[in-house]
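Chains as they are written, first to last, in our numbering: chain A, 1 to 274; chain B, 1 to 454.
Because the hints were derived from the structure by calculation, they are not lab data. Here a beta-carbon is modelled for each residue, glycine too, at the ideal position from N, C-alpha and C. Don't take each hint at face value.
As the list claims (entries may be wrong) - Taking beta-carbon pairs under 7 Å as the criterion, some of the chain B residues facing chain A (in silico):
id : residue
1  : 54
2  : 102
3  : 113
4  : 114
5  : 208
What the hints assert, rightly or not - Example chain B residues on the side facing chain A (calculated, C-beta under 7 Å, incomplete):
id : residue
6  : 60
7  : 82
8  : 85
9  : 90
10 : 97
11 : 98
12 : 100
13 : 103
14 : 116
15 : 119
16 : 121
17 : 122
18 : 195
19 : 300
20 : 327
So the chains spell out like this:
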Amino acid sequence: MNPRALAAWSVSAITIALASGNPVYRVLVLLCAINVLVALRRPDVSLRGLTIALVVAGLIATTVTTLASHTGHHAFLVLPAGIPVLGGPLTIEAAFFGVSTGLGIAAAVLAAAPLSLVLMPNSLVDALPSALARTGAAIGTALNLIPGIARSAGEIRDAQRMRGWRPRRIREWPDLAVPVVLTALEGSITLAEAMEARGYGSGTRTHYSDMVWRRADVAVCVVAPAAALAFVLLRVTGAIVDWYPFPDVSVPPISALGATCCLALAIPALVWRR
Amino acid sequence: MMPTPTVAMTDFTYRYPGGLIDGLDIPEFGAGAGLTLVTGASGSGKSTLLRVFNGLIPHFHGGTIGGSAVVCGHDVITTTTRVLATEVGFVFQDPELQSVYPTVERDVAFGLENIAMPAASMPGRVAEALELTGIAPLRGRAVATLSGGERQRLALAGVLAMRPRVLVLDEPLSQLDEEGARSVVMILAALAGAGTTVIVAEHRLEHLGLLVARTVAMESGRLIGGSSRRASRLAAMPISPPGRNPVGEVAWQMAGVATGPGRTPILEDVSLEGRTGEVIVLVGPNGSGKTTLLRTIAGLLTPMSGRIHREPGRVAFLPQNPMALLHRATVAAEVAWTTRGDSPSDDAATLLAELGLAHLAARDPRDLSTGERQRAAIAAVLAGHPRIALLDEPTRGMDDAARDALSSAIQRLRSAGTSVVIATHDKNLTAALADRTIAVGAGAARELAPAAVA
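Construct the entire structure; sequences and hints are all you get.
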């Protein structure tokens, strides 16, 4: 799959997720994004951590909004007014609004997740335009260093522990931080030397592109942005009415056109195969 | 008539930025087709010499140059590294610090991009380099999943894609296991036989053997002649007969242990014990579980099943890159940091003297040469009276002096009653020190009979 096509899809999905507060459309975007992730993620990738993080984020969004909003006609609990920020009625309207906010966050994150969970780590950097190729190479190299630095930090931590290091005060943390930073710097210099030895530096640079545009890539790159554009136009013209739960919660309105735009985001899972 | 050498140096001198003395003083040096071996202790100038051939000296490291150095008709002083990269391929010591991109194919193409090769020509060159180095099946793999030997072959592929006439390698075998080292040497043999100028600086000479057309030895930045002294040192290292050292009580014990760094055990049903005054050597290829076993004995990994018992007392752990631990202002302070709370420092002074560091005790460890830093790290970790000492590939990248110092330190620990466990590929160290040898691999750890080790 072409990284630029996937990037176009991600931007389109995020646009739709954030263009309307209607939880129905956000759920549809979220389901399409989950579909893409499950169908196309790299075999070495686990979705467990992401799932847990999103559930936690959604709960936090719902809880914070419910506790801080105090707007709406249907209170289910009233906290003493003397409590700063939290004091006052806790309403069903605020809770639903919080749920919608959480869904928006989840949908946006899941729309962006394929860029790191489906593509190989450097594919997106490789997809940068030629004018940014040198910057992309530098960014890609820096990204490549991170796992090694993290591994080195773990090894140094273990070895210092074996030397009796038990940090109880902040001033003892340099016993870990200093060797980690120095080792990372030395590794960076060695890598820079290796890059220069392979001719990296000033002057014209070409680009090894194993990216091709297949029909499936073109389809994703056309359909997803078209769906996002259509959704925005429908919002702007009022054909899609937004949903706002205050002062009285109501059933979110659903437009067939709006739903179609959202469901069009399922296209990557239909045309691409891992 | 002698063929014109590909590499020629005349009255060449080099001084590092801020240096008080010359780092190189080479009246004459030449190399042509075939394999030239550069030997010498750490700090002798091997790496400095090699970096002249592709222009890293002076263009990356700076400094002051005198005389001339010509490589494939290019004056290295006036030619950019970008141009020299098309003639000279350079492979560094650490396989993990040469990959630029996270996938094999992409990384091989990096050099071709830098020299502005047309995109249409690149796939063929990439494929050719992958075939030459035998890693074509790894084409789509993530670099992080490769073994050390595979990563070093990837580094070779990355430079061979540019079809250099000269190939320079700075201790390419030092961090590889036997299989990895053999695979790299086979490639070098093919290239040297095909007429490429191959220049290798290396301590591990046992693999290069008959491939070497010419040997150059260095000391203090100067050439001192063409003989290899290492072969005689190999013969001179005493081999301890099995079971010669009386051992004491059990220092640590494992029963039915399953262990691994992730959720799946890589070693199962391991039952071993180590006794005071004993040296156990763990052997096995990279990835077999030696480090995992050491970390489990150390208590850094919790067994997934089974039980492990350690007698009270300090456990010393020497990791694969011990120099990364150095962070105090002086060598003496590093040793003192480890032994804080222990009884004092006579042993520390003895250890420093034994490792040839007594005159460097007040120096910043990161200002020392590589060999001196290695010994400082050994002193820092093994100081005091550890009950158990665990060493993970301690001779990686070591010169003879450091290896001898390490051997002495281990023998002293054994005599003092420490239970020593070493994971190593170094056959000479194993022969010289092992009371028992454990083979680690295929999910198991089993003791080898003495005849199997010889």
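message: Run through the hints listed earlier and report the numbers of any the structure violates, in increasing order.
response: 5, 16, 18
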